[in-house]
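As a plain string of letters, each chain reads:
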Amino acid sequence: MPRLEDRDPSLDDPENDVASWSRTKELQKILWNGGFAGIAFPSAYGGLGLTPEHQHAFNRESQGYEMPLRINVPTLAICAATVLDMGSEQQKRDRIGGALRGDELMVQFLSEPRGGSDLAGVTTRAERDGDVWILNGAKIWSSGAYAADYGLCLVRTDWSVPKHAGLTMFLVPVHTPGITIRRIRQVNGSTEFCEEFFDDVMLPADSVVGEVNGGWAVASRQLYWERTSMGGGSPYVSGWGRGIPAAAARSLAGLARSVGRLDDVAVRELIGESRANHLVQSALVRRVTIGLTTGALPGPSASMTRLMHAETDWRDSDIRVDIAGSAAVTGATGEVGELSLNRQAGSLGGGSTEMARNVISERVLGMPREFAADRDVPFKDVKQGRA
Amino acid sequence: MDFDLTPDQKLFRETTRKFLESEVSLEKVRELSTGPESFDRAWWARGAELGWTALLVPEDQGGGSVSDAGLLDLLIVAEEMGRLVSPGPLLPVNVVLSALVDAGGHDDSVGSLLAGEAVATWAVYEPGGGWAPSAPGVTATPDGDGWVLSGVKDRVESADQADLFLVTAAAPEGLTQFLVPRDAVTVEPTTSLDLVRRFGAVRLDDVTVPASAVVGTVGQAGESVARQQQVAGVLQAAETAGAVDRVLEFTIAWAFDRYSFGRPLASYQALKHRFADMKTWTEAIHGIVSDAGSAVQNRADDAAELVAAAGAYVGEKSTAIIQDCVQLHGGIGVTWEHDLHLYLRRATVNRALYGTPSDHRRALADIVISREAA
Ligand SMILES: Cc1cc2nc3c(=O)[nH]c(=O)nc-3n(C[C@H](O)[C@H](O)[C@H](O)COP(=O)(O)OP(=O)(O)OC[C@H]3O[C@@H](n4cnc5c(N)ncnc54)[C@H](O)[C@@H]3O)c2cc1C
Chain E
1 MPRLEDRDPS LDDPENDVAS WSRTKELQKI LWNGGFAGIA FPSAYGGLGL
51 TPEHQHAFNR ESQGYEMPLR INVPTLAICA ATVLDMGSEQ QKRDRIGGAL
101 RGDELMVQFL SEPRGGSDLA GVTTRAERDG DVWILNGAKI WSSGAYAADY
151 GLCLVRTDWS VPKHAGLTMF LVPVHTPGIT IRRIRQVNGS TEFCEEFFDD
201 VMLPADSVVG EVNGGWAVAS RQLYWERTSM GGGSPYVSGW GRGIPAAAAR
251 SLAGLARSVG RLDDVAVREL IGESRANHLV QSALVRRVTI GLTTGALPGP
301 SASMTRLMHA ETDWRDSDIR VDIAGSAAVT GATGEVGELS LNRQAGSLGG
351 GSTEMARNVI SERVLGMPRE FAADRDVPFK DVKQGRA
Chain H
1001 MDFDLTPDQK LFRETTRKFL ESEVSLEKVR ELSTGPESFD RAWWARGAEL
1051 GWTALLVPED QGGGSVSDAG LLDLLIVAEE MGRLVSPGPL LPVNVVLSAL
1101 VDAGGHDDSV GSLLAGEAVA TWAVYEPGGG WAPSAPGVTA TPDGDGWVLS
1151 GVKDRVESAD QADLFLVTAA APEGLTQFLV PRDAVTVEPT TSLDLVRRFG
1201 AVRLDDVTVP ASAVVGTVGQ AGESVARQQQ VAGVLQAAET AGAVDRVLEF
1251 TIAWAFDRYS FGRPLASYQA LKHRFADMKT WTEAIHGIVS DAGSAVQNRA
1301 DDAAELVAAA GAYVGEKSTA IIQDCVQLHG GIGVTWEHDL HLYLRRATVN
1351 RALYGTPSDH RRALADIVIS REAA
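Heads up: the protein sequence lines correspond to chains E and H, in order.
If you number the first sequence the way my numbering does, the last residue is 387 and the count never jumps.
If you number the second sequence the way my numbering does, the last residue is 1374 and the count never jumps.
Hints are computed from structural coordinates only; laboratory data are not their basis.
The structure displayed is predicted, hence computed values, not measured ones.
We put the beta carbon where it would ideally sit given N, CA and C, even for glycine.
Heads up, some of the hints might be wrong.
Short derived list, chain E residues pointing at chain H, Cβ under 10 Å [unchecked claim]: (1) Leu4; (2) Val259; (3) Gln281; (4) Val359.
When you get a sec, could you build the whole thing from the sequences and use the hints?
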C-alpha cells in the first residue's frame, strides 16, 4: 500500500468527495490484488475466511499506510455483513465479491424525509407487477449515494398489516432509470449526504433480500451491524480510523503546540482526558464483545458502544475547540471550529443516541417500552404527520 | 467483573462474597464506624486464610493464586469489598506485599502479613503536598550501618492499626524505601469521610533504622514506587467498580418499585435515558479496570497509561453515577439511614486518593506527549 505521508491531502477537502471515493476504490483494488481484502469474510464470497483476530493484526500492521477506510462503513461492515447474513447465494457472491474487489460500493437507503428514528414507519413503497417490483417514494440522508452502486432499501410492501409486518428489503442499483439523486450540503461544506427520489423504478424479483414482507428481520440485522461498526466492534473493518477529516484525526498535542499552549496545565488535562476516553472506549468494546460471545450480555448491548462512541467523539470536538480557543474561529486552526459545527453528526448517523438509550434501557435493563401509538394498528391507519 | 472468569475464579468470588455478606453486612459497617477499630484483626486473619494476602506472593514464599494471575484474582476481592463497602486494609497490605516480594528479603514481614498477623501500610503522601509519591520530603540520612529518617507522612491508610510502614524517602543516593516498625513512629489519627477506612499522619522524628530496613536498593526505588502506584491504582479502581455496580443495581430495582402518577419511575424516558448512560458508564468502568488489571498483571508497557486512564475515568464517573443515584432516590437518598451515602463516601474517598482524576489526566498527557515526541 502507499505510505500515509504520500497521501494527497486534497482528498480531505469536503468539496472533493468524488475524487476521494474513486481513490477508495483504487486502494481497495490494491488490497484485493495483494490478497488482503475481506480477511474475516468467508472465502466462498471472496474473503479470506480468517478470524477477527487476523483482521486486527492486519489493522495494526496497516497503520502508516493509506487505506481504503471509506469502504468500511457502510459498504463492508454494514451492507456486506447484512447481505452475508440474510442474502441469497447469488447476492452474496455478487455484492460481497464486488465490494471486496473494489468494483462496487454500497449504501443504506433507510431514512426518509418523514422520519429516521421510526425506521419501521417507512412509506416508500414497492408493488408487485408480474415478475418485477415497481418502487416509488423517497429516501434521505444516505451518505455517499452518488458514488455508490447498490443500496439496501427498506420499503413497504403491505399496508394492511402493522408496520413491522409489511416491510421488504431490496438491493437497488443506484444508477438505474427512475432514480434521481440530489446532493444535500452539510454544515461542514460536504455534499456527502444525498436524497433519492424513486419514480416507477423497476426491480427484478431477485433483488429482494430475505423474504417478501420479512424486511424487518433484515433491517434488524443491518441495525445490529450498524451499531457494531459505529461502536468499533466490527470484524469486517479493514484498517483503523474512519477516513475522517484531517482536523479530527490530528493529535491534540500537535494542536496545542500549534497554538502555543502545550505547557498549559489546563490544556494537558484536556489532552489526558481525551486519551482516557479513547482507552475506555476500546476497553468497553472489548468487554461488550466478550459479553456478547459468552452470553453474559444481551444482543442489544452493542448500543452501549454506539453511545460511548458518540460521547467520546463530541467530547473530543469540545476539547479541540477549548484548546484552540479563539484560533478555532478566526485563525490558523479554523478547521477545528468548522468541524465542531458538525459535532452532532456522530450522535445522529447510525441511529440517534436517544434511540440507543431507548434500546439500552428497554432491552438491556428491561424497563417498560415507550408508548407506541402505532402498535398493532394496520399501517394504512397510522397517523403520518400533524395534519 | 470480567465476563470470562475461570470456574476457579468464579468459585473464589462466591466464597469471598459469602464470607463478606455473613461477616460484614452494611449494619456491621455502621457499627464499626463508631467503634474503637475499623476492623478486627482476628477477622482480617480469616480473610488472609481465604487468600486475600496471598495472591501477589509467589508460592515458594507461601503465597499463591487461584488462576496464576494473582493480581486479577485480587481485583475480584477488591470488587467484592467495594460491593459491601467492606472494612480491612486490602489495598495497603497488598501494595506493601507486592513491594516486598519484588524487592526480595524481609521474609519475616512477608510471612506475618501473609498470615494476617501483621498489618502494613503505604506511607506516600506528605502534609501540604499533592500526589507526588516519587518526590518525598522525608529524608533518609546514612548513620553508621543504618539510617535516620525525618519528616512526616500523612493520609496514611489504616495507620492506626498498622504494624509496619513502607516509607518513601529521599536518600543522598536518590529515592529509597524503608520498612519501618510501628514503635519507631508516632501516629496521629485524622478524619475520614469513609465510615470504616481510617487514615493518620505518621511522624518520623529522627527515627533510626538498621540497614536491613531498606526495601530494594538504596537510591533505586523509582521503578518499584511506579509499580506500587499501578497496583494501588487498579485495586482502588476495582473496589470503586464494585461499589458502583451495587449502587446501580439497587437503584434500578428502586426505579421498578417506586411509582409516581400511577406508573413506575422506570417507565419515564427522561429517567430511562439516564439509566442507559449510567449502565454504559458502569460497563465502561469494568472494561477499563480489567484492561488496566491485565496490563499490570502482565507488567505490560502500557500499564501506567491504562492505570491512569482508569484513575481518571473511574474517579470521575463513579461519583457522578452515585450522586445521580441519590437524585433518583429522591429525599430518601440524602438520609443517614439509607445505604447510599456509605457507597458515596467510599467512592468519594477513592476518587481523591492516590491521584485525583486531574492528576491522572496530567500523567496521561505526559505519556502521550513524550510518545509523540519520540
Ligand atoms: C452523518 C450521518 C450519516 C447518515 N447516513 C445515513 C445513511 O447512509 N443512510 C440512511 O438511511 N440514513 C443515514 N443517516 C440518517 C440517520 O440515520 C437519521 O438522521 C437518524 O436515524 C435520525 O432520524 P431523523 O434525522 O429522521 O430524526 P428524527 O427521527 O426526526 O428525530 C429527531 C430528534 O428526535 C429524537 N427522537 C425521535 N424519536 C424519539 C423517541 N422515540 N424517543 C426519544 N427521542 C426521539 C431523535 O433522537 C432526534 O434527536 C445519517 C445521518 C447522519 C447525521
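- Of the hints stated earlier, which fail here? Hints 1, 2 contradicted; others consistent.
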